[in-house]
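Visitor: Chains as they are written, first to last, in the working numbering: chain A, 624 to 907; chain B, -17 to 205.
The reader is advised that the hints may include incorrect statements.
To be verified - Here are some chain B residues the structure puts well away from chain A; computed CB gaps all over 10 Å:
(1) Gly10
(2) His31
(3) Leu73
(4) Glu87
As the list claims (entries may be wrong) - Simulated restraints, written as ranges between beta carbons of each label pair:
(5) A/Arg820 to B/Gly114: 34 to 40 Å
(6) A/Gly797 to B/Phe116: 44 to 50 Å
(7) A/Leu898 to B/Ala203: 45 to 51 Å
In case anyone wonders, no lab produced these hints; they're calculated from the structure.
Heads up, the beta-carbon is just placed ideally off N, CA and C, and yes, glycines get one too.
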Amino acid sequence: MYALREALAAFRRAPVLTGLSSAMVGLALYVVGLFGLATYNLRLALTSVEERVEIAVYLRDDARQSEIDLALTELAGIPEVRSVSFISKRDALERARADLPDFGELWGDLEVNPLPQSLEVELRPGSRDPEVVERVSQAAAAYAFVEDVRYGQDWVDKLFTLRRIGAATTAVLGSAFAVVAALIIGTALRIAIFARRDEIYVMRLVGAKGSFIRRPFLVEGAIAGLLGGLLAWALTYATYRGVYTYLFEVAWLPGEWIGLGLLAGGFFGAMSSALAIRRHLREV
Amino acid sequence: MIKLTNVSKEYPKRGYALRDVSFHLKKGQFAFFTGHSGSGKTTTMRLVHMAEKPTQGEVRVTGYSSESVTERGLWQVRRRVGYVFQDFRLLPGRTALENVAFVLEVTGTPRKAIVPIAQRLLAQVGLAPKAGAFVNELSGGEQQRVSIARALANDPFVLLADEPTGNLDERATRGILDLFWDINAKGMAVLMATHDLELIKRYPHARVFELDQGRLVYDSAPD
């Protein structure tokens, strides 16, 4: 209770300094927020492309229904497979007519349906990498009544490479931004702590416990971090609205990302404050 | 109560600040520490306050030894040893009452008791009427009285005063010394560092230690 009271009193006594600390924290986290926004939209774009990864298993015309049913069950039993659908020759033709209306007359003139029956294998999200696609394709190709298996190997390989580049960039840049943010937050809070060095000195002088001295600063750091997080959220949202309105359509961050960001602000604030006060206590 | 045994203190760049100093201050004694600037007065005070550790020898304060004191022991010692500075070291932006109350609060005094105790302490140093005044509204002598009230907050057994009158005029100096004697008369030991020999002469009953270049060269009442 004392810690919270003192932390709030610190904001009251030096509103400019603590406001500046929060603003610095906010700007540092704003950069992280922008990065998060970019990462999230990149991830959405990749996911929408990934959803198109599908394995088409073309069957011979003489395949028996019992064999097809068995293949359907066995392929659906593979853990990475989300669903397997059977597309009959007739369904394939219907689809072709719907998808390619420009060839309307051609479809009408057909005496024999040239399109093969097939199985469409959809993979679970997170399992659409080349290795899994290859493995499931081989399992499908092993059936004697399978004519051909197509999944666009080059395309899947490129997509996977793109996703790996995205993940590596996220990890490296995200860590770099987080470190920079932590350094800025630490510096801002060190300034705030330095401004209260007299108080710390008096507390040491009269025998206040170390934990007692640290606690208000931890709370103050957490509050500054949370306020900074809120500021960062507001700035990121304003940027998002600007981009959405004037440039191109982007998606806003999910609630849990924002919650996590605010918590990270509070956590960074408290940790930076803990490090700064620890260092300061060693000096006085 | 306070015992220094063959204490030396050496700083890496400055060299020796104290050399082989030994003395024993008993309960309720009033003692002056005198000597030129740099003679080791402040170092002695800081060692007694356990703000520093001796390079050699042992400092014992109310049962705690500099050789074995723990973090917990350190704050116990500091609560039992009041400290008054030449430059007061009060918290600006707070009133006299708040400065005293701050110490009580950070050392765990129950909340309801803080203000009455702080008011009593300010009354004890003759500053009750100025309890609500901010530090910058007080004269030097008044600020030092607040600092003394603050040092008394934890009911210490000894009051260390490092050149407490160094920034005060003659009249304020006399007032502060009289206050120290009153405090001492109630049983609290006082150890005051001063380079002012004229001041010391006015209190012939006090014990006097003299330091010269870090060595204790005179003790008016050795054991």
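Visitor: Provide an ascending list of the numbers of those earlier hints which the structure does not satisfy.
Guide: Hints 2, 3, 4, 5 not satisfied by this model.
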